[in-house]
Amino acid sequence: MTYRDAVHEALRDALQADPRVFLMGEDVGRYGGSYAVSKGLLEEFGPERIRDTPLSESAFVGAGIGAALGGLRPIVEVMTVNFSLLALDQIVNNAATLSHMSGGQLSVPLVIRLATGAGRQLAAQHSHSLEGWYAHIPGLRICAPATIEDARFMLAAALACPDPVLLFEHLYLYNMEGGVPPGLERVDLEHAAIRRAGKDVTLITYGWSLYKCLTAAEALAAQGIEAEVLDLRTLRPLDDAAIMASVRRTRRAVIVDEGWRSGSLSAELTTRIVEQAFYDLEAPVARVCTAEVPVPYAKHLEDAALPGPAAIEAAVRSVLARDGGG
Amino acid sequence: MELEFRLPSLGADMESATLTEWLKKPGERVRHGEPLVTVETTKGLIDIESYEDAEVLEQLVQPGSKVAVGTALARLEVQGASQAPPAAPAPEATPPPAPMGPLAPASRPPASAVESPGTPPPRARISPAARRRAQELGVSLEELERFAAGGFVHIEDVEKLAAQRPVAHTDARGAMRATIGAAMARAKREIPHYYLAHAVDFAPAREWLARHNATLPVQDRLIEAVLITKAVALAAARIEGFNGYFLHGRFESSAAVHVGAAIAVRGGGLVAPALLDADRKDLPTLMRDFSALVTRVRAGHLRSGEFTAATITVTSLGAEGVDVLFPIINPPQVAIVGAGAVREQPWVRDGELIARPVLTLALAADHRVTDGRAGARLLRAIADLLAQPQAL
Amino acid sequence: MDPDTLESRLLSLLTSVAPDIEPQNLDPARALREQVDFDSMDTLHFAAAVSKTFGIDIAETEYARLASLRAAEAFVRERLAAKG
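Listed in order, the protein sequences are those of chains Y, F and S.
For any residue, its number in the working numbering is found by taking its place in the first sequence, counting from 1, and adding 4.
For any residue, its number in the working numbering is found by taking its place in the second sequence, counting from 1, and adding 758.
For any residue, its number in the working numbering is found by taking its place in the third sequence, counting from 1, and adding 1130.
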């Protein structure tokens, strides 16, 4: 099963399980989704529930909010996170606030799926990781399924959530092969997950960067360094307890985030660690982020701009160095 | 002006002491340099001197109490203007704050009137986790700062340091052994020592000493160690790079020469209190100081200033008859001179083989501060001084 | 011990210049350097005390005769006898 298959199965499950659920977005129907996630769903569920929309993010995200307020369970696909900026007003001013502004009388059980991230030479307008921006907004729940199991089961949990949930699917992961542990049928949206245990340093990450961290951890293990890899899964609200528990064990943290570092999710994580676990630290917190340029088109430049296992290894070695990396 | 008299750190490894006796009562005056209180440390009883001319207002700690370094022991009323700082630099004390920049003219707008206070000396990089562990284990920050010597301290270092600490030992001798062990381990770990040895024709010194002593009653006579100490003090004052401290990643030269005299404690152990201003005192004065120092060591009553003041050390194993003593530097000092026994040796002079009393001096010095050439100059200077003992 | 014997007077001089030794464990025949780590300063202090107490002159070259308690006793006896 690929990650793409897992998302596809999740959509089918949701559409079968609840007649209020429907999918809409650009090219989700006849084209089968720009990442081929919804291929065959139009034939199976019909045009009422698999709806192709005009190229207007503001309009169809707004329609999704309205449908959610009206009692339906819409899943809105936004082709990439870059395009979601056209719907910022709907997401930030409406979806995130209505429950609050109505004194809890209204809720917006909307799920927005967005492709995010770089690595496919899609250049600066289709490659950015802006999930950290959304993680700034109270009223939204931000999730980043990085594994096959989360791709398979996070959607159901998101649909069960009374608040708007944004699921960021890293576009590099759609072709990834893998399986779901036997017997697993649901996941939560609350907890970060340790994907590899280690005692020397905690790598805090999510999305595609998880696999770069696991690759780096493998290489580090050969050098006798045991890196723990923590997959955040949910970027808002952050699972502080899991983050601090791991950092308190290893006393060193490296944050790996495909977003830029300035004013970012990685900055937020660093601050929380300093606020909550300062006296457990043996070294300054280190970050491996995307170079502060619009993501380049050229392959070698794109590779150079993104966090990679070599940079992660170097950051780990620096925080483990005698001079503390500072 | 009222101030608090605090327990100073009297060694690289001291973090607490037990107050044993007050030497001044409330209402009594204490002069600058006069012992005020006696405390017991792993090095024995130490009389701590006042840094001020003052009146004792109140004793804050009673005899028998064990207190941490930095604890206020008494309140003092200092007379008149504030006194000059103590003559003896206290290497263990927190370094003075960096000098402030010149005051800005009052007319300047406040936003731009703030001058940069200058770059503070580099601080030891003690990890937050190490700081908390240190607190749990009762290791003081000063101890960590000294241990770090400008480097980085991790949690494992704190645990090592705590394990080395003498507090775990119940008997005084074990405690002193642990103290020496910690200081020497640190020296060997951190100081890149280089060693030089030089044989000195000691006949002139010995003959001069015999003539000098012949006319004097026993108690006024000089011993060889005093000549050697004086020669080392004068040489260290002349040749830069051996007299002072290596602190916070750099060498701080000292204008005053306080020679630490390594004195064996009976039954094992060693202390190296300072002979203050050894380069400026004549031999009889230095001898009296030395004699008094040994007496105080024997009686277990050293003074606080003596403990931390030494800027270079001399150690001798002459009495044990060995030829050369390769010493280990006592941090944060940067040099130590070891003297072996003076023995009749074959000596070639003007192509002739003769028997002479020969003293072999060995220098251990800190390669972060000087190189062998400077060290060789220091040893030659000491040898030249010993060849002219009447000039000492 | 009779406080007036020469040996006991020497012992008390010894403990006055070296208060950190345990006199009851001292072997009077053994060299002080070996037994209680006497160094040149201790020797000088002891010689000065003996010289002053008994009013005898001790040359630098004669310090070796104070090497042990017993040797010191013999030396002092000899000097006091010579003094008459």
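Just so you know, the hints here were simulated from the structure itself, not pulled from any lab data.
Hints may be right or wrong, so weigh each one.
Here are the in silico distance ranges between beta carbons for each label pair [claimed, not checked]:
#	chain 1	residue 1	chain 2	residue 2	range
1	F	Glu894	S	Asp1157	47 to 57 angstroms
2	S	Ala1161	F	Gly932	35 to 45 angstroms
3	F	Pro1042	Y	Tyr283	50 to 60 angstroms
4	F	Ala943	Y	Thr6	31 to 41 angstroms
5	F	Pro1042	S	Ala1161	25 to 35 angstroms
6	F	Ala826	S	Glu1152	31 to 41 angstroms
7	Y	Glu230	F	Met942	40 to 50 angstroms
8	S	Pro1153	F	Ala826	18 to 28 angstroms
9	S	Asp1157	F	Thr778	52 to 62 angstroms
10	S	Asp1150	F	Pro1042	21 to 31 angstroms
11	F	Ala943	Y	Glu279	31 to 41 angstroms
12	Y	Glu230	F	Ala921	16 to 26 angstroms
13	Y	Lys203	F	Ala921	18 to 28 angstroms
Note that this is a predicted model, so its numbers are computed, not measured.
All C-beta atoms in this analysis are idealised placements derived from N, C-alpha and C, irrespective of residue type, glycine included.
To see whether the hints hold, each was checked on the structure:
1. Glu894/F x Asp1157/S: 47 to 57 angstroms: This hint holds: roughly 49 angstroms between Cβ atoms.
2. Ala1161/S x Gly932/F: 35 to 45 angstroms: violated (27 angstroms)
3. Pro1042/F x Tyr283/Y: 50 to 60 angstroms: Roughly 57 angstroms apart at Cβ, these two residues keep to the hinted range, so it holds.
4. Ala943/F x Thr6/Y: 31 to 41 angstroms: Taking Cβ atoms as reference, Ala943/F and Thr6/Y lie about 59 angstroms apart, which means the hint is violated.
5. Pro1042/F x Ala1161/S: 25 to 35 angstroms: Holds, since Pro1042/F and Ala1161/S (Cβ atoms, about 29 angstroms apart) stay within the stated range.
6. Ala826/F x Glu1152/S: 31 to 41 angstroms: holds (33 angstroms)
7. Glu230/Y x Met942/F: 40 to 50 angstroms: violated (35 angstroms)
8. Pro1153/S x Ala826/F: 18 to 28 angstroms: violated (38 angstroms)
9. Asp1157/S x Thr778/F: 52 to 62 angstroms: Check failed, 33 angstroms falls outside 52 to 62 angstroms.
10. Asp1150/S x Pro1042/F: 21 to 31 angstroms: Distance hint for Asp1150/S, Pro1042/F holds at roughly 26 angstroms.
11. Ala943/F x Glu279/Y: 31 to 41 angstroms: At 37 angstroms between Cβs, range holds.
12. Glu230/Y x Ala921/F: 16 to 26 angstroms: With a Cβ separation near 25 angstroms, Glu230/Y and Ala921/F satisfy 16 to 26 angstroms, so the hint holds.
13. Lys203/Y x Ala921/F: 18 to 28 angstroms: 21 angstroms Cβ-Cβ, so the 18 to 28 angstroms window holds.
Comparing the model with each numbered hint stated earlier shows that hints 2, 4, 7, 8 and 9 do not hold.
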